[in-house]
Amino acid sequence: MKKNLGKILMLFLLLAVQTILAQEKEIRGTIIDDQGLPLPGVNVIEEGTRNGVQSDFDGNYKIEVSEGATLSFSYVGFATQNIKVGSQSTIDVTMEVNAAALDEVIVTGYGKKKTVKETSAASVVTAKAIEDRPIVSVNDMLKGNSTGVVVTGGSGQPGAKSSVQIRGISSLNAGTSPLYVIDGVPVISGDYTRNSTSADVLSSINNNDIESISILKDASATALYGARAANGAILITTKQGKSGAPKFNLSLETGFNEKAVDGPGTLNSSEWAEITNEGLVNVLGEDYANYVQENINPKGINSDWANAVERGSAMQQQANFSVTGGTDRLRYYSSIGYFDQESIIKNSFFNRTSGRVKIDYDLSDKISIGQNISASFSNMKSLANGGGFSNPMLAKYFARPSDPVRNEDGSFFIGNDLNNPRLSNGLFNVPMLLENNFAKAKTLKLQSITDFSYEITDHLTYTSRLSLDNTVIEEDEYQNPRHGDGFSVQGRAYAYDTRVFNYVFQNTLSYDFTLEEDHNFNILLVQEAQKNQYRDVSAASEGFGKEGFTTVSVGSNNLEALGKREQYTNAAYLINLTYDYDNKYFFDASYRREGNSNFAKNNKWGDFYSVSLAWDIAKEEFFRNTSVSQLKIRTSYGEVGNASIGSTSSLAYFKFDGQYNGRIPLYVGGVENPDLTWEKNKPFNVGVDFGFLDNRITGTFDYFVKKTEDLLYAIPLSLTSGANIELEDGTTQVSQFTNAGSLENRGFEASIGAQIFDNDFKWNTRLNLSYVQNELLDLVENDVISGTKILREGESINTYFMRKWAGVDPANGNPLWYVNGKGGETTSDYSKAERAVQGNSLPNYTGGFNNSFSYKGITLQSLFTFALDYKVYDSWATYLQSGGVYNLNYPGYANNLDRWQKPGDIAKNPRTVYNTNNQNNATSTRYLYDGDFIRLSNLQIGYDLANVLNGDLFNSFMVYVRGTNIYTHKFDDDLEWDPETRSNGIINLDLPALKSYTMGVKLSF
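Numbering-wise (numbering that gives the first Met the number 0), the sequence shown opens with residue 0 and increments by one.
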């Protein structure tokens, strides 16, 4: 017995010693993020035990584990990694961002909130989706990356303004753009240039400084910002410092651009002569069979006007450098960036130099301050539009190929009439203007944001924030005295100076408390004041005598010197209550009292509110131990005002403007409008957020109805009133704003993503789909027809209204239209065809498909974007595809070759008849196309060389190649233009979107 007992004790002793020896195996390592920055506070746990530690300030850790152990590394926002210890004694870990966890914290109005507690419809675009992309505008980053957002570009000119709609268009004449908020402060946005350039002030932001972009879409999210967020809000959060030793990031990229879509082809000399002669013969007889060769182009000249104005490829490059670090109390982030992009049009470009310094300092455990200063300087050059079809995109279609670009001596050909130097068809030589005329815009933007936070108690925090945002734009436009618009006045110059100052002061008081452990409350009080000041000065002169002098002061004839000052103020008080019980039931309510100086005295103040609820069913007992990680149902409703009208819209006033008989006249600028009040948006939303398999599969679905009442609409006034107002699109008309009707946007949004593989080979994917339908419910005027569009109750506000093209009569080549505008009976008499609704200009369906692959340092990323169920209209085709009306003077598109010539021909274009009056080129669906497309917007492949090189020197050494907009599939084979055009759907021969190919390197050390 004693012998057996001794054996048993010896066995236990050996097991104990073995266990002790096993536990004495020490593992050390350093934990960093994908940018090479140390991660403090990462949980390092031996699986199956309670043995665990956290990484320290520098990301270092050490832990004693047993043989055969597996370590689990977890951190909020990053994918958990499980690593077998084996024989290793050092395990360094790079934590990778978890696509499902990226949205764990979302920036909302005046703060942040975990998405598990979010009751509103909001989405997030992270830094990884946007950094280093060869795109100037923040808006273009959102394409395909967020549901409910439609981005349309008016021009492919680098730095030009693009248009953004969130959940449709909610106004007729008031602002339709969302509010932009940078680091908690509303900022100015849009295009403040005054000549023919287009420069978006948001293009001043360096994409590499952006940490995340939150898009707020429903009342619960936007009501916190009040009237300014009536059309949604885009919240941009910039990167901030992280405690630890300094970490440096450097990225360099270079490449070239081309047109994403080539557009219609052009006619060479022989093709143009063939069509033109045919049109003349069909009217004047066979004597004109060789008219062009004998009378216009006897030398057989064949000029390539496209090559004369366009670059074969346009270069672009960017460089960015940042450093971040700090101590326990002080954290800093500093960056500098340079971006340079040529336009595909010669002598046109955009470049930007930007910098940012962001410092956060904890004065004590309760008091902290922060300073965020950013500066950018951008420079843009383009050709100013003018007479003689001087838009460079027009040249290749309007200039005759029989005219030489240059004379034999190398000088530009401008005709032989010294009193009226023009091309043979009366137009200007655009390549000459590209070298001798210009429109320049220089933009300096400075912003300072100062934060102060005081934790009064463990539950009560006071925060104050002051933002000063100053934008200065200097523009110069010059027209040379030898040719073009400046010839008749011996040269002309314009100068514009625009300054916009935006001041925002916020004070918030946040109180958090918990009752009975599971009842969590937050009460937020906000006071906010905003003042926006606008000032511009302009001057013009003529009479420069000779070239080389381009400034206004040199002109001998000063035309005008004008100026304008405007300002508006906005004040608001807000209370917001949030509540959740046991992370299962959520409630959010807000009330905002807001005043805006744009309205008359009796209507300056508005009251707005929102209420939202959510229930995460997956947290209930009956859902425990299932594969469902989250199943949260949300709903919200509220009312938000819109005050996006001019600061003088309710005032009676006079103003000086223009010139009359050498004097500047005084005239009526506006008439009193005391009853003008807020436009009101009333959004309703119901949605669900879901996750399965520990959120390896996640998604959202939302259904929304957004009704707008008291529409701000410009009612025409009698011409004798003399009043002019400026509309959202920049045009002016004799009219007055009134509250005149209502409209509605309704639709759905769906997003689903998955981590398909999550081991050495990783594959993440996400699909976004949005649908929105717009309807005008009522309007003080009905059937308001303007150009190609109609405002009609029951239809979309983007509705086309025109005759329907029925094709070409194969018997005689005459144009045909449908009599009722829909189908059935046809007529060759344009006047007998009725106009009808023919679709709308904004896509009903939009979306994106994202994929990310990685394997042992190799990464592949792709983004497809698409838009469906909308139409675009080619407004210039009336000249360029005219069936003979204009072919003699304007050669037009190459598709003119597809024409009727003999009985039985099935052709795209009717019989070519010189100067015909058959109205084949009048407004109809002949020039209306389906805009549906799918585009490969981004494709990138890269390899991280850090493991190959000295691992102690580089945390990351990524080399990559990238293509942007490299493939576009158009579903309408007849559409030759890029389908991504202006929000009004009009193809206006703007610079097309760019296709880019770049290569770059990103270092982190």
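The reader is advised that the hints may include incorrect statements.
[Claimed, not checked] Simulated pairs of lysine-lysine, BS3-like, Cα-Cα distance not exceeding 25 Å: (1) Lys-618 / Lys-116; (2) Lys-618 / Lys-679; (3) Lys-127 / Lys-241; (4) Lys-706 / Lys-681; (5) Lys-679 / Lys-654; (6) Lys-439 / Lys-241; (7) Lys-600 / Lys-563; (8) Lys-345 / Lys-380; (9) Lys-24 / Lys-61; (10) Lys-545 / Lys-583; (11) Lys-127 / Lys-679; (12) Lys-24 / Lys-116; (13) Lys-603 / Lys-530; (14) Lys-127 / Lys-761; (15) Lys-238 / Lys-365; (16) Lys-545 / Lys-439; (17) Lys-380 / Lys-441; (18) Lys-127 / Lys-246; (19) Lys-855 / Lys-761; (20) Lys-238 / Lys-61; (21) Lys-439 / Lys-258; (22) Lys-345 / Lys-545; (23) Lys-83 / Lys-61; (24) Lys-583 / Lys-116; (25) Lys-855 / Lys-83; (26) Lys-821 / Lys-907; (27) Lys-831 / Lys-821; (28) Lys-907 / Lys-969; (29) Lys-907 / Lys-831; (30) Lys-439 / Lys-345; (31) Lys-969 / Lys-246.
[Claimed, not checked] Label pairs and their computed distance ranges (CB to CB): (32) Val-356 / Asn-506: 20 to 26 Å; (33) Asn-301 / Val-779: 37 to 43 Å; (34) Gly-409 / Gly-311: 18 to 24 Å; (35) Asn-506 / Ser-874: 23 to 29 Å; (36) Lys-563 / Tyr-337: 30 to 36 Å; (37) Glu-559 / Thr-352: 52 to 58 Å; (38) Leu-249 / Pro-673: 55 to 61 Å; (39) Lys-563 / Glu-407: 45 to 51 Å; (40) Asp-972 / Tyr-337: 40 to 46 Å.
By construction, these hints were calculated from the structure, which means they are not laboratory data. Each residue gets a CB set at the ideal place from its N, CA and C atoms; glycine is no exception.
The hints, checked one at a time:
Between the alpha carbons of Lys-618 and Lys-116 the distance comes to roughly 12 Å, so the proposed pair stays at or under 25 Å and holds. Of the supplied pair hints, the one linking Lys-618 and Lys-679 is violated, its CA atoms being roughly 37 Å apart against a limit of 25 Å. Using a Cα cut-off of 25 Å, the hinted pair Lys-127 and Lys-241 holds, with the two alpha carbons roughly 18 Å apart. At roughly 5 Å between alpha-carbon atoms, Lys-706 and Lys-681 fall within 25 Å of each other, so this suggested pair holds.
The straight-line distance between the Cα atoms of Lys-679 and Lys-654 is roughly 31 Å, outside the 25 Å bound, and the hint therefore fails. For the given pair, Lys-439 sits about 40 Å from Lys-241 by alpha-carbon distance, which is inconsistent with the 25 Å threshold. In summary, the hint linking Lys-600 to Lys-563 is supported, as the alpha carbons are separated by about 23 Å, within the 25 Å threshold. With a CA separation close to 10 Å, the supplied pair Lys-345 and Lys-380 stays within the 25 Å bound.
For a cut-off of 25 Å, the pair hint linking Lys-24 to Lys-61 stands: about 10 Å separates their Cα positions. Restraint check for Lys-545 and Lys-583: not satisfied, since their Cα atoms lie roughly 77 Å apart, outside the 25 Å limit. Taking the CA atoms of Lys-127 and Lys-679, the gap is about 36 Å. The hint is violated against a cut of 25 Å. With a C-alpha separation of about 42 Å, the suggested pair Lys-24 and Lys-116 falls outside the 25 Å cut-off, and the hint is violated.
With a C-alpha separation of about 15 Å, the suggested pairing of Lys-603 with Lys-530 holds against the 25 Å cut-off. At roughly 16 Å between alpha-carbon atoms, Lys-127 and Lys-761 fall within 25 Å of each other, so this suggested pair holds. Taking the CA atoms of Lys-238 and Lys-365, the gap is near 23 Å; set against the 25 Å cutoff, the hint holds. Proximity of Lys-545 to Lys-439 is assessed by CA-CA distance (about 21 Å); at most 25 Å being required, the pair is judged to hold.
Only pairs whose Cα atoms come within 25 Å are accepted, and Lys-380 paired with Lys-441 is accepted, the gap being roughly 9 Å. With a C-alpha separation of about 18 Å, the suggested pair Lys-127 and Lys-246 falls inside the 25 Å cut-off, and the hint holds. For a cut-off of 25 Å, the pair hint linking Lys-855 to Lys-761 stands: about 9 Å separates their Cα positions. Of the pairs offered as hints, the one joining Lys-238 and Lys-61 is violated, with about 30 Å between alpha carbons and a cut-off of 25 Å exceeded.
With a C-alpha separation of about 23 Å, the suggested pair Lys-439 and Lys-258 falls inside the 25 Å cut-off, and the hint holds. The straight-line distance between the Cα atoms of Lys-345 and Lys-545 is roughly 24 Å, inside the 25 Å bound, and the hint therefore holds. Distance hint between Lys-83 and Lys-61 is fulfilled; the C-alpha atoms sit about 15 Å from each other, no more than 25 Å. For the suggested pair Lys-583 and Lys-116, the alpha carbons sit about 8 Å apart, so the restraint of at most 25 Å is met.
The straight-line distance between the Cα atoms of Lys-855 and Lys-83 is roughly 17 Å, inside the 25 Å bound, and the hint therefore holds. Restraint check: the Cα-Cα separation between Lys-821 and Lys-907 comes to about 19 Å, which is no more than 25 Å; the hinted pair holds. Distance hint between Lys-831 and Lys-821 is fulfilled; the C-alpha atoms sit about 13 Å from each other, no more than 25 Å. Pair hint Lys-907 plus Lys-969 holds up; C-alpha atoms about 18 Å apart against a cutoff of 25 Å.
A C-alpha spacing of about 22 Å is found between Lys-907 and Lys-831, which places the hinted pair at or below 25 Å, so the restraint holds. Using a Cα cut-off of 25 Å, the hinted pair Lys-439 and Lys-345 holds, with the two alpha carbons roughly 14 Å apart. Between Lys-969 and Lys-246 the alpha-carbon distance is near 45 Å, which puts this suggested pair outside the 25 Å criterion. The hint said 20 to 26 Å for the Cβ distance between Val-356 and Asn-506, and at roughly 24 Å that hint holds.
Judged by the Cβ atoms, the range 37 to 43 Å given for Asn-301 and Val-779 is violated: they are separated by roughly 57 Å. At roughly 21 Å, the beta carbons of Gly-409 and Gly-311 sit within the given window of 18 to 24 Å. At roughly 50 Å, the beta-carbon separation of Asn-506 and Ser-874 lies outside the given 23 to 29 Å, and the hint is violated. A hinted range of 30 to 36 Å holds for the C-beta pair Lys-563 and Tyr-337, which are about 34 Å apart.
Separated by about 33 Å at the C-beta atoms, Glu-559 and Thr-352 break the suggested range of 52 to 58 Å. About 59 Å separates the C-beta atoms of Leu-249 and Pro-673, a value consistent with the hinted range of 55 to 61 Å. Between Lys-563 and Glu-407 the CB atoms are about 50 Å apart, so this pair conforms to the stated range of 45 to 51 Å. Restraint check, Asp-972 to Tyr-337: a C-beta distance of roughly 42 Å satisfies the suggested window 40 to 46 Å.
The earlier numbered hints that this structure contradicts are 2, 5, 6, 10, 11, 12, 20, 31, 33, 35, 37.
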